[in-house]
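Visitor: Here's the letter readout for the chains.
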Amino acid sequence: MSLLAKGILKGMAVTAKNFFQSYYRKERLPTVQYPEEKSTITPFTRNFPFLLYDGDDAVDGMRCTACTLCERACPPQCIYIIKDKDEKGKPILRPRIFDIDTSVCMSCQLCVEVCPYEAIRMDSAFELSNENRFEGLLINRGDLLKSNDYYHALNPVEARETDDRIAAKNALAEAKKKARQKKTRLAAAKAKRPPSRLKKSPPAREKPPQPEKSE
Amino acid sequence: MGLTLHHFLILSAILFSIGLVGALTRRHIIIMLICLEIMLNSANLNLIAFWHFSPNPLPLHGPLFTLFAIAIAATEAALGLALVLAIFRHYKTIDPESIQDLKE
Amino acid sequence: MNNFFDLKLVELGRWIEAFFADFPSLKLVVHLLLCTLPLALSFMGAFAFTTWLERKGLARIQNRPGPNRVGIFGLLQPIADGIKMLIKEDIVPERSDKLFHFLAPIMLMIPALIGVGFLPLGDGLHALPLDSAIIFFFAISSLNTIAVFMAGWSSRNKYSLLGGMRAVAQMISYEIPLVLSAVAVIMIAGSLNAQEVVASQQISSWVGSGNILQEFFGRILGWNVFKPWGFAGFIFFFVAALAEANRSPFDLPEADSEIIAGHLTEYSGFKYAIFFMGEYISAFAIAGIGVTLFLGGWNGPVFSGLPWFVLKLFSLFAVMIWIRGTLPRLRVDQLMGYAWKFLFPLAILNIFLAGFYHFIERQWGTAIAMLAGWILGFGALQLAATALSRLNQSPIMRSKRVYQLVE
Amino acid sequence: MNIAFYLLALVAVLGAGLAITLRNVVHAVFSVLLFFSALAGLFLLMLAEFIAAVQVLVYIGSVGILMLFAIMLTTNVMGDPNRPVRSRGWVWGGLAVIALLAGVLLPLISRTGGQTPTPLSDFNPSVKQLGMVLMDPYFASVGVIALLLTAGLIGAVVAATGASEADQKKTVPANRPNYPNT
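Protein chains in written order, with our numbering: chain W, 1 to 215; chain Y, 1 to 104; chain F, 1 to 407; chain X, 1 to 182.
Don't take each hint at face value.
Stated by the list, open to error - Some, not all, of what chain Y presents toward chain X, calculated at C-beta under 8 Å: (1) I34; (2) H52; (3) A78.
Hints are computed from structural coordinates only; laboratory data are not their basis. Note that the structure is a prediction, hence the values are computed from the model and not measured. All residues carry an ideal CB built from backbone N, CA and C; glycine is no exception.
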């Protein structure tokens, strides 16, 4: 024989505790009043991609080369790229149009994974609402381009790692270039000597950076 | 002109005959039960009116009688509607003119 | 000193009426308005305040701040809601019964306001001081059922009809324990007059005396909740009142997760607002009659009158909100079984206990009656309740649970 | 008081008249509820306030709801449009009632000039007195009524549910799938 309504009283005690503690304990009232105050965003929050550029000028320092790897990798196909051309009609390695549709993007980060030039990264900005449903949510190149400093402010650890990687890559490219120059010089000096195989093979993982090759 | 007993009697006569007309002419058991209730209620009205206009109303016989009548009417309504349900379950209709097993 | 607040209010009414002394017919109208209008307006205001209180309280129970945008602490939220309701489009289903669809909210609202009129709000503040006010109150509150059925049937929506039928079954079932638990009080008070029921909840020999302590406690200790049968009766009454007012955990007629919103499904705009208001005011009325019957009405220490009644009413409503924040909704068969197999027998037993208590008190005095009542009466109730719950358990629940592997 | 009487009488006659003429059964029940409430008002007018309360409680609160339940459980609410509302010999029934009404009313109308006893002014019948009367000389009848109500309600429950189980047994199809674990 148990006391009647014991379970009900227990439940009532729990809710009463919630009620009173919500006035003086922070963890009982975790709501953040959004427009006035915003909850802290962790560096690994990802919402929507942006394009990185180096230096001061957004267009000149653009890392993107319009290789369309991201366009092909994007599962919902929200990226749209058209390559740029100079006055003579010769293609430049730079996108003339780079659009991403916010309403389609699913924040999967595959474009970031696939980009060989570290040119695209995920942003944590989430206030993307707009009055225009179609044009307003289609974000174009000018709005997508953000400086490297912005990336450093957003996620310092990853930004530094990216910079290191690029520096290492550049250094490697530089070294290779020197080696090639040296090789051509050697070849010019002594044409009979066969080329050594050991020096030629680069590390398997790091692909030879293409822009340097074209220069 | 103040209200007299006749006012209430005439009203209750009219209500009673409305109930009677309904009970005699409608083809729906529940409506017929409603008409029975109308007739009972007009009778109650008569009882209360006679009590109210009587020379010696203190023994409260009118309200007492009406109280008993209401209790019996409630029982009657409950039983009647239960019978309606039973009839419906058996015949799948509550049209009083199509329930004529005894006649056939 | 005691009832100065109520007396001042009555005086104010007289003072206003005195202006119309020369016009007898106008004076009658003014008198009627003074009896009804402040009551209706104050209860509508209380409704607005209560919606705020409920939203705020539920929010705090659920660890969120609740409305806080409109006005300080969101106090103007009810006004904003009201404006929203007013300017919303009123949608009526095409094949509905238009007349009854329109009438249903009014049918709910009017009995609720009449029911409020039967409450003794204070000393002399009583809109409808009938000799049989309490039975009239129960009669009027049974009209809610009709309105809810009307709304459910006329909407021509299966969810509405289901909600309406549920509401009817539930209200009829819970009216019985509700009235039976009130019968004990009426029996002991010996009157159906609400003012006399309130007056019977003072310890009359203490109230008149000059002793301050006796004055103070004489107005508290006589409340029916402090008597064993009254405490049990109050709990039965409160549970039945929750069901009667369609409030959680007995909000099956509106169960939004199962049947959308029951009889309210097809209502929108101002009709919905009226419906909502009617439900709250009838909940107020039932809580008010609970205060009158069990919590001593307008009796209170230091001074008695309207403020105490309002305080008790709102605390009772706060408990209703608290319960809404705590308990989940019942199943339909549990609901009916609880009313008929549990509350109903216990309420009848409680009437007998009240009678026994009355005789013991007469024979041997209050102290022994209290002792015997609390020990024996509660023992009896607990025993009966346990036996009933054991009896009501289905055989499956009683037997040891056997788990079978599903192939 | 006069105005109140005529208003309530009008509502009562209207309610009763609508109840017997409307085709829609639910509408008929609601109009009969209107009739019951008008009658409660008339009782209140004649100082029988307890009876008025009981009228509202029993007729509107219970009998009306019971009727609505019965309708919901049995018929098509709107009624079959092909089926006549009135029974076969309805003309004869109506004529008989009109004759009866005339027979009842004629003597009354012819004597309206005659004085009837005036209503009491200083007499206020209270519920307490009614209760006293019920307890002292009429206790036996109260007991009989209580017994009747109990018996009637048990009978109603039996009539409404008792037959159903037997009927259901008959209507269960032979090839009904058997669910052992439910």
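Visitor: Take the hints in turn and mark each one as holding or not.
Guide: Do the hints match the structure? See the list:
| no. | hint | in the structure |
| --- | --- | --- |
| 1 | I34 | 5 Å, holds |
| 2 | H52 | 4 Å, holds |
| 3 | A78 | 4 Å, holds |
Against the hints set out earlier in the document, no violation occurs for any number.
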